[in-house]
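Participant: Quick mapping for you: the protein sequence lines, in order, are chains A and B.
FYI, my numbering numbers position 293 of the first sequence as 293, with every residue one higher than the one before it.
Count along the second sequence starting at 1, add 365, and that's the number in my numbering.
Since the hints were made in silico from the structure, they are not lab data.
All C-beta atoms in this analysis are idealised placements derived from N, C-alpha and C, irrespective of residue type, glycine included.
Just so you know, not all the hints are guaranteed correct.
What the hints assert, rightly or not - Here are the computed distance ranges between Cβ atoms for each label pair: (1) A:GLN252 x B:GLU385: 24 to 30 Å; (2) B:PRO434 x A:ALA287: 27 to 33 Å; (3) B:ARG727 x A:GLN142: 53 to 59 Å.
There are 2 protein chains.
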Amino acid sequence: MALISPSRRLRRTPFSDGVEAAGVRAYTVYNRMLLPTVFDSPQADYAHLKADVQVWDVACERQIELRGPDASALMQYLTPRDLRRAGEDQCCYVPIVDNAGGMLNDPVAVKLDQDRWWISIADSDLLLWVKGIAQARGLNVQVFEPDVSPLGVQGPKSEKLMARVFGAAVQDIRFFRYAKLDFAGRSLVVARSGYSKQGGFEIYVEGGDIGMPLWNALFEAGRDLNVRAGCPNLIERIEGGLLSYGNDMTAQNNPYECGLGKFCTADADFDFIGRAALARIAAEGPAQNLCPLEIGGAAVPPCDRAWPVMQGGETVGQITSAAWSPDYACNVAIGMLARDTSPEGLSVQTPDGARPVTRRARFWI
Amino acid sequence: MALISPSRRLRRTPFSDGVEAAGVRAYTVYNRMLLPTVFDSPQADYAHLKADVQVWDVACERQIELRGPDASALMQYLTPRDLRRAGEDQCCYVPIVDNAGGMLNDPVAVKLDQDRWWISIADSDLLLWVKGIAQARGLNVQVFEPDVSPLGVQGPKSEKLMARVFGAAVQDIRFFRYAKLDFAGRSLVVARSGYSKQGGFEIYVEGGDIGMPLWNALFEAGRDLNVRAGCPNLIERIEGGLLSYGNDMTAQNNPYECGLGKFCTADADFDFIGRAALARIAAEGPAQNLCPLEIGGAAVPPCDRAWPVMQGGETVGQITSAAWSPDYACNVAIGMLARDTSPEGLSVQTPDGARPVTRRARFWI
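Same shape as in the complex, but just chain A:
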């Protein structure tokens, strides 16, 4: 593996000092910001995430704030998901597509009130899309990136840790809902959400100045819980079927083939970008489908490009994320297969050679 060169362009976060002190070994870059990927080793980080509690610097989930009288109208115009009955404590996973139905991002929209939303984005500069749309339509709404940096608390002991810092109220927060809770005299959005299947929270830290105080408070409160710095774990997120924009889907994919049809309103009585394209795809059915796949043999190399999936000499799909799972003792993977691909005789071309592939009915976790 090569090194990563530091520069201002790869933005640090309010938690970077803590991440460095914790001995981060590797990064990826996400929304032009540093995202830790390894502290001990991917395997050791994985085992710890499933056993204890981790604090994650996911500041790279940048927010787009919509503020003004047209905020809710713009939010609805941006997504095929019907948001008209979204509650004011709700976080909504929302596909965002272009006119052709291609996925531009798969963020979480956080409704703060009727005139104010945050869009917590995956890895693309969705801010430019939203600003362009808002401006060209002459909407009465400000669109900008606020000083808000999510901090994840993930793992089976996360509720215990969070209750020590934010009080027992965290226990009442339902999945993909949030409460406003105090830290250092500031009221923060605390949601039960996060990019693992081990349970946990995301704290939308408003104001970088309280980033390290909160980081330190969590570590002090969690000493006996074996709290550690962690990060989204490749193995665990594949086991859990958590998709990664840019890995498992790109602008070349539509939400239906990504298994996100349940977030799309095919016969919508409201207008949104991509409406006609999605209606057509919904009627015809998608030409391919993302699915859980198991790759035979020993641990696969890092999946740094799409690996073709073959059947009888023909390409029938591709694998886009893969890793060796210690708990399931196999290579867990996510890939796209052509519709109606029969399950027999599938193989994948990895850089190490061909391997057998088994399609699974569901993800592991």
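Since the structure of chain A is provided, determine the placement of chain B on it from the hints.
Facilitator: Frame of chain A; chain B shown alone:
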């Protein structure tokens, strides 16, 4: 320095196999694509760039293609630079700003013909901005990322090398102009341009399949010229005053304060995004200015965040790029200083402590 974790999301390029075989040591991520930063060492790469010739994988300069009857109208609407007399062999450095005059990108626009442009982008997803604008305005133009990956040939011996592969016609290409030249039976845009002050070319490689054949042809033809794999060099680009979007300027900066006023038409008789804001800034004059700065003392650490520039206890600016220059035996830097800052008593707060700062009249190269 930490490692960089491989994933499909950090896209490989048509030249990645060559880059790896050449022993790349470090990367940055640019437009969600791998950009090499070090082969031997920054200092050795720098000396070689100034003496011989290098081949650069700058595929991360992704292209946005505008194609259709409204392509030229859209291109003009996107930038304050007057493009109405741009020639069909011209490459134009064009600031792209939002409604408030904030820089969204500083790409090179390549005019292919009246109905077809490429925008060769710096590090932001400008595609989303352009698609959003084109769609919302109902323009008759396709906007997409084509399969085009620039390959740089930079250094004093670059013309010699290029002539061996593309023929003597390369000698007639003027600065920021291009010719269409053949390789492997394909006609490629070859421009005299690039992100160094050592002279050179950028080949817009259309079709990833000829990436490695072209890479290999350049290395075979240049053996006696001491050709090597290289990359944009931090030291040399600061010496030459080549700005880096995301480092030296962001969406918080306007083109006038970045020294790009000469590319803006203050009293334009054509419409473009940001026109009113730029007219106001042009009239008032910018509140700060990017300038060449020299930092005293031994080699500075990597500049991975803005370093505050102080004068008499007050912050008067920031340094955004800095490196030790072997040739000039000082720390060369780029920074932003408040208008009318007097030259005396300037200092910068680096992670290693305060250092004296001298404002220079011009860059080093």
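Participant: So does GLN252 of chain A sit 24 to 30 Å from GLU385 of chain B, Cβ to Cβ?
Facilitator: With a Cβ separation near 26 Å, GLN252 of chain A and GLU385 of chain B satisfy 24 to 30 Å, so the hint holds.
Participant: That 53 to 59 Å hint for ARG727 of chain B and GLN142 of chain A (C-beta), does it hold up?
Facilitator: violated (39 Å)
Participant: Please check whether PRO434 of chain B and ALA287 of chain A have a Cβ separation lying inside 27 to 33 Å.
Facilitator: holds (31 Å)
Checked against the numbered hints above, the structure violates only hint 3.
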